[in-house]
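Q: Chain by chain, the residues:
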Amino acid sequence: MKGISKYTTVVKLGIQEAVEYRIDFLFNMINGCFTVFIQFFMWTAIYGTSENDVLYGFSYPQMMVYIIMAGILANVTSTGFEYEIADDIREGTLSRFLVQPIAYFPYRTVLFLGRKILAFVVIVVVSAVTLTVLHFTLGAEFAAMNILLTFLIVPLSLLLNSVIFYCVSMAAFWMTRAWGVFQGMGVISMVLSGGIFPLDVFGETAKSIFMLLPFQYVVYFPLNIICGNMNGNDILFGIAAQIFWIVAVYGLSRILWRLGMKKYIAAGG
Amino acid sequence: MAIIQVKDLTKNYDYYSKEQGLKNSFKNVFNRKKLIKEAVKSISFDIEKGEIVGFIGPNGAGKTTTLKMLSGIIVPTGGSAVVNGFKPWERKKQFKMNFSIVMGQKTQLNWDLPALETFYLNKHIYEINDTEFKKTLDGLTEQLDVADFIKKQVRRLSLGERMRMEFIAALLHKPKVLLLDEPTIGLDLISQRTIREFIRNYNQETGSTILLTSHYMGDIESLCKRAIIINEGVIAYDGELSHVSDTINKIKLIKVQFTEKVPKSDIEKFGVIKEYDGVSAVIEADKNGLKECSKAILDTLPVVDFNIEDIPIEEAISLMYEKGGETEE
Amino acid sequence: MFTEIKKHFKIYGHFLKYSIMEQLEYRANFILGIIVECTWLCTKLLYVFITQSTGALVGGYTPDEIMLYVGVFMILTALYVGLFSWNFYFFSWGVSRGELDMIMVKPVSLQFFMTTRYINISVPIPNIIGGTALIVIAWGRIGLEASIRNILFFILFLFGGMVVTYALFLIPHLSAFWTIKTQGITEISSRMWDFNNMPMQIYNKWWQRLGVFFIPVFVITNFPVMALFNNMSLLHLIWGFAVPAVMFIGIRLFWKVAISKYSSAGG
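Residue numbers (the numbering used here), protein chains in the order written: chain A, 1390 to 1658; chain B, 3 to 331; chain C, 1253 to 1519.
Some hints here could point you the wrong way.
Just so you have them, the derived chain C footprint on chain B, three or more residues with Cβ under 8 Å [claimed, not checked]:
no., region
1, 87 to 98
2, 101 to 109
3, 112 to 118
4, 192 to 205
Computed Cβ-Cβ distance ranges for the label pairs, DEER-style [stated by the list, open to error]:
no., chain 1, residue 1, chain 2, residue 2, range
5, B, R202, C, G1502, 48 to 56 Å
6, C, L1298, A, G1469, 55 to 63 Å
7, C, I1283, A, K1401, 40 to 48 Å
8, B, I192, A, L1402, 44 to 52 Å
9, C, Y1278, A, F1494, 30 to 38 Å
10, C, K1269, A, L1415, 53 to 61 Å
11, B, R202, C, A1280, 40 to 48 Å
Derived from the structure by calculation, the hints contain no laboratory data.
Quick reminder that beta carbons are idealized off the backbone N, C-alpha and C, glycines included.
Using the sequences plus the hints, can you model the full thing?
A: Below is the structure:
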C-alpha cells in the first residue's frame, strides 16, 4: 500500500494544479466553443440544402451530438505534458527520477489524470446539459445505457491519449526542437481521432485505414456509442481494442524510453 | 540658456497591492487597492551645454525614472522638463534626431545579427547620408577599437564588446544630448576604462552634453566635475563633485576575515564596528589614519582576507546631510 | 510626409532582409514551421473536401465556390501570419519586459516598428501555395468570368481585409499596456481568425450583422470573395470601403491612448 500512497500524492498535486490553472481551462473551453460554433453552422447549412437526410451515416441530430461532444471530448483528452517531458529531458531534470523511488511514466500519467479530474467533472455536467438540450430541441434520441457506457469508456480514452502522447514525447530524446513534432502530431491526432469530423467523411477507404490506428478510440469510438451507431458486440470489441492499444502503445513507449535513456545516460544525463 | 532644464519634475507610479493566491487574484479583478509610489518628487536642476554631469543615488532612488522622463520614454505626473528646446515626452522628431540614450540593462542591437546591421538600420532611421555615415562609423570603430567584431553576431560578443557596439549605435547620428544609464554595469576593468576614456574624449571633441548615472564612483569621479545626488526621489545635493568625493572618501570600510574567533574588544580600538560575527568584521576607519590602522590590524589580528571599500552611497548621503548641518551652525 | 513614407519603406526593406537572415540562422525551426503549417493546412482542406463530397450548397455557395473561398482564406492567413501575428505576440511580451524603451527614443514610428519588424517566411509558404492552387482550380471549374471591375474590387477588398486584420487583431494585444497577463485574451482573439474558414452566410442574420458591423471579422475574407462573385449589396460595398479606414483610424487613436500607459518595466 505504501507504493500506492506516493502516487495518490501526485494525483493530489495534479488536482491542485488544475485548480490553480482553471483560468487556462476556461479559456480552453471557450476556444473549443469557437470551433464547435463554426461546425454547428456549417453542418446546419449543409443539411439544410442537401437532398439527403442522412450524410455519412449521420442524421442531423446525430451530427450535432457528434460535433458538440467531439469538441468537448477532444478538449478533455488533450495532453500538453509533451512540452514538460521535453523540458525534463533537455534540462536534465530526468536524472531526479533515476534516483527517486517513483517511476517516470506512472508519475506523468497519474499527474495528468489528476489534472483532468476537475475537467472531467465539469465535462460530465456540460455534456448532460448539452445532451438534454439537444434532446428537446432537435429530438436527438439517446439510450441511457449508451450514455452510461460512454462515460465509463472516456477514462480509457484519456489513458490511451496520454500513452500516445507519452510515446510522442520520447522524440525529445533525439531532437532538441521537438515542439514541431508535438504540434504536428497534435493536429494529426486531432483529425484522425475524429476530434473535428466523424471519420466517415473521409470516404470508405481512408476510414478503413484510420480505423486500424489507435487514434479513433480516443474520440470517434466513444461518440459512436452515444450516437447509437454501434451494437453490443461492436462495443465489446471496441473496448477490447482500446485496451489492446493502451498496452501496445505503452509497450512501444517503454522500448523508446529504454533506447532514449541509453542515449541520455551516455550523454551524461 | 541651459540645454536641459528641469523644474519640479514629479513621477508617481500607481500600483496595486497584490496578495498571493488565486482567490485574491479573482478578488483583485473587481476590487483592487490602488497605491501610489512617488518615484521622483519635484526635482529641479539645469545642465549647461557641453557639461558632463554625474547622477548619483542608491538603487530605487529615482535616477532611471528621471532619465526615462528626460528621454520621453515615460510621461511625468507633474512639473516640466525642456531638453534641447523640446518637451521630451511630446516625442517630436526633431528632438529625437538630436538625442540618444544608452542603458546598460537594455539593448538596441539585434542578437542574431552582426552589430553592423543595426548600424545600417539606424542610418536610415536617423536619415544619415552615406559619406557622413561612413566617416562617423569609421571614427567610432577606431576610437572604441572594435573593427574586428563589427561583423560578428551580437550574440557571440562579450559584454564589454557589446557595450561598445551600443555606444556606436547610439552615437551614429551625433546627438547633442546623451544620457547614459549605468553604461559600465557588469563590465571588466579594461572595458570600463575604455568606455570612460571614450566618453571623456567624445564630450571634448563634440561638445555634447552628457548626463550619466553609475554605481561606480570611479566612473563619475573620472568624468564629471559636477554631481547631482538623488535619494528617495529628492535631490540631496547638486554641486561640485569634489565635495562629494571628499565626504565619501573621508571614511573607508575595512572588511576583514579571521582564521579564528576574535573578541569584539580586540577590534574596537581600530574604529567603529559596523558588522561583527566573531570570525569577520566590517570596521569604519578614517581615511587619514587608514594606512596605520590597516597595518595595525594586519599585524595584531589573525587575518585571512582583507579589503578596503567605499562606504555605500546611502551612507555618504546621510553623512553629507550631517556635514551640511554642521556648516550651517 | 512623402519623405517620411519613403524612409519607412526603406526601413521595412531592412526588416525583411533581417528577418530572412535570422530565419536562415535557425534552419531547423524554419523547416519545422513549414511542416507544422502543412498539417494545419490539411484541416482547412477538410472543409473543402466535405463540401465537395456532399455536393451541398453552403450559405448559397456551390462546392467549387467554397473551394475558391477557402483559397482566398489561405492567402489571407499567409499574409496575417507572415506579416503581423508574430510581431503582435512579441509585442505584448516586449511591453511586459520594457523593451519599447530603446525604440521609443528613435525618430521612427513606434507603432510601425513594433508591429511590422518581423516577417515570417516559413509559415506563409504552404498557405500561399495551397491557396493559389485552390483559387486556380476553382476558378477554372466555375468558369468564372469576372469583369475587370470585379477583379479590381477583389484586390481592393483583399487589401482592405489586411488593414482590418491588422487593426482588429492588434487591439487585444494592446491590453498588454494595462495588464501583464494577456495570454488568455490574445489566444481567444486569435481563434477568432477561424471564423473566416467558412462563408459568413452560414450564420444567421444577427451573427452576420455582429461579424460585419460590430466586430468586423467577417469582412476580411467574405468581402473580397463576394466582390469577385459580384453579389454585394450597396450597403456592404460602402462598408467595405469605409471599414478599413474606420479601423485604421481607430487603432491609431487606441494606440496613442495605450502608449501613454506605458510604464517601462524592468528598471
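Q: Each hint needs a verdict: does it hold in this structure or not?
A: These are the hints, each one checked on the structure:
1. 87 to 98: Since 3 is at least three, the answer is holds.
2. 101 to 109: holds (count 7)
3. 112 to 118: holds (count 3)
4. 192 to 205: violated (count 0)
5. B/R202 / C/G1502: 48 to 56 Å: For B/R202 and C/G1502 the Cβ distance comes to about 50 Å; the hint holds.
6. C/L1298 / A/G1469: 55 to 63 Å: 23 Å, violated
7. C/I1283 / A/K1401: 40 to 48 Å: Taking Cβ atoms as reference, C/I1283 and A/K1401 lie about 42 Å apart, which means the hint holds.
8. B/I192 / A/L1402: 44 to 52 Å: 51 Å, holds
9. C/Y1278 / A/F1494: 30 to 38 Å: Cβ of C/Y1278 to Cβ of A/F1494: about 32 Å, so the range 30 to 38 Å holds.
10. C/K1269 / A/L1415: 53 to 61 Å: Violated, at about 42 Å.
11. B/R202 / C/A1280: 40 to 48 Å: About 47 Å separates the Cβ atoms of B/R202 and C/A1280, which means 40 to 48 Å holds.
The structure fails hints 4, 6, 10 (numbered hints given earlier, in ascending order).
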